[in-house]
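There are 2 protein chains.
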Amino acid sequence: MAVFTKLTKDEIETYLKDYSIGKLLSYEGILEGIENTNYKITTSNNNYILTIFEKRVNPEELPFFMSLQRDLVTHGFDCPLPIENNNGLIINKIKGKYGVIISFLDGKQIQSILPIHCREVGSMIARFTNITKSSKLKRNNSLNIETWLNIFEKCKESNDKSYYKYFEILEKELFFLKKNWPTNLPKAIIHADLFKDNIFFIEDKISGVIDFYFSCEDFIAYELALAINAWCFDSKTGFKSKNYSSLIIGFKEHASLNINEMKALNVLLRGAAVRILVTRLHDMIYHPKDALVIPKDPKEYLKILEWHQKNTELEL
Amino acid sequence: MAVFTKLTKDEIETYLKDYSIGKLLSYEGILEGIENTNYKITTSNNNYILTIFEKRVNPEELPFFMSLQRDLVTHGFDCPLPIENNNGLIINKIKGKYGVIISFLDGKQIQSILPIHCREVGSMIARFTNITKSSKLKRNNSLNIETWLNIFEKCKESNDKSYYKYFEILEKELFFLKKNWPTNLPKAIIHADLFKDNIFFIEDKISGVIDFYFSCEDFIAYELALAINAWCFDSKTGFKSKNYSSLIIGFKEHASLNINEMKALNVLLRGAAVRILVTRLHDMIYHPKDALVIPKDPKEYLKILEWHQKNTELEL
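Top line first, the protein sequences correspond to chains A and B.
First residue of the first sequence: 1, per the working numbering; consecutive thereafter.
First residue of the second sequence: 1, per the working numbering; consecutive thereafter.
Hint data in this document are derived by calculation from the structure and do not stem from the laboratory.
Since this is a predicted model, take the numbers as computed values, not measurements.
Some hints could be false.
Since the list gives no way to pick one copy over another, a pair counts as held whenever it fits inside one copy or between any two copies.
Here are the computed lysine-lysine pairs in the PhoX-like style, where the Cα-Cα straight-line distance is at most 25 Å [unchecked claim]:
| no. | residue 1 | residue 2 |
| --- | --- | --- |
| 1 | K196 | K242 |
| 2 | K40 | K205 |
| 3 | K133 | K17 |
| 4 | K310 | K299 |
| 5 | K252 | K17 |
| 6 | K236 | K6 |
| 7 | K296 | K95 |
Excised from the complex, chain A in its bound form:
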């Protein structure tokens, strides 16, 4: 659905000349992306992804995203490895934009989430943050509670009455979060976008994690909260307790949570729901009529938020 920058065979071949990854055999645009342009390229050597960064990624932050992925791979974590060209450069120009070549991961996203997948996700988050908690890389979360407030203020400029219910709930909730957001929990570089489309599976095992362009330093327990909301709720049937307990079991195989993290979980889950809710609401209100990408329904995350407001005692 979204190949924003069109490339010809010649343009890709010219770009590949500086690399030692073999001769271009074929290429195809990947439609799933909604932020950047991605091509799957097949060379005489292997498959790779050529990513061209569109306006939503800040070029100054590209070195962070590339270093993070490389550090993860060198610690044995399965994610794309950014490939250096013959000059030792990872980030290069193509058609006036920044591009990178990263290794191709086998596997695909799963269709229906089962507890076994959630256990894998929990385990993956623990291994990820075990690696990144001592990382020297720095990037603040650009979608933190202050940003949610700003996005919400922008949403409220809308005159569309159908959103008033959202505004009312979010007004109160943001006030609550502002007052109760924890300050002193263990941090690490987190992925911060562990939705189903960013985690590949082969059979029921994670084969790799992609799309690191929200990654930032934040609470490990906030990463868990984001993942719980994404993996343990069904838009029809609501909270899925077996998914939840499996995710936590998976996490605890490789890491542990302290008492402050446990106490803060409900607030983090509500914040994690608001994080997605306000951005979806914003995109729904302000998406251009001719957008290539259909905005996601904010309602799903309103329900998740309301569930956490009522169920404050989830056990860890």
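Got chain A sorted already, so can you dock chain B onto it with the hints?
Below, chain B without anything else, positioned relative to chain A:
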């Protein structure tokens, strides 16, 4: 045939505690190794190789071997990636020896060499040296012409008359090589041990290259010469011209040879044959009676040397 250092499940689990590669599920010693001890270990995350370095590898050189493999992988070349533990260390102690964990490569060595495989080998050498010709890593070839002379002197101390024919031929050949060895050819870090057992294939495509413990800086054309001897001669039928032309075609897909390299080829091929011949002869004469590893027959490489002495005009 050669798991020199035996490890228990507990010992491997203890070693893995410092890594973020998941929980140990199973492990098995790999019998093919003749230099180091290798275990294939399967964790909840993936397959890996645990290598323990035995006495033939100089511990001071381990950082070179590890950095080389990491540089190759980050340039898109398929070889094992050394995995860092949570302290950022690749080389760690296990049972009083040095050990590393590297990623596991799928694929296996091929049984019968066809031209299609030789083309892959030539192409791989070009891509390898395109990456390493600007490498800042340094390691001299510890098996250079001076070393061959020393090894040969040691061989000649033997009183076993069955080797006298070898001694006579090598005496003259080493004199010839000493006089004619080129000095000014393009260099790169080369693998220097590209035998069939160190190149894995999936179907007829190379899936990866292993065992970098002879890698060093030397002539790119010498790497080609070593590979030609290893891939384009059959112990029964001799020189295989289709294998040879395929290997050269593969190489030329990604690199070129200058006039000096072409002129030096015959000398390099003879030197490459002597390199293997003298070490095999030495191992045959001096291997301990109770050795785990059966020495390889030097005769195969005597024939290759004699072929190059007679056929000095191979076309590149």
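What hint numbers does the structure not satisfy? As far as the earlier hints go, 6 and 7 are violated by this structure, in ascending order.
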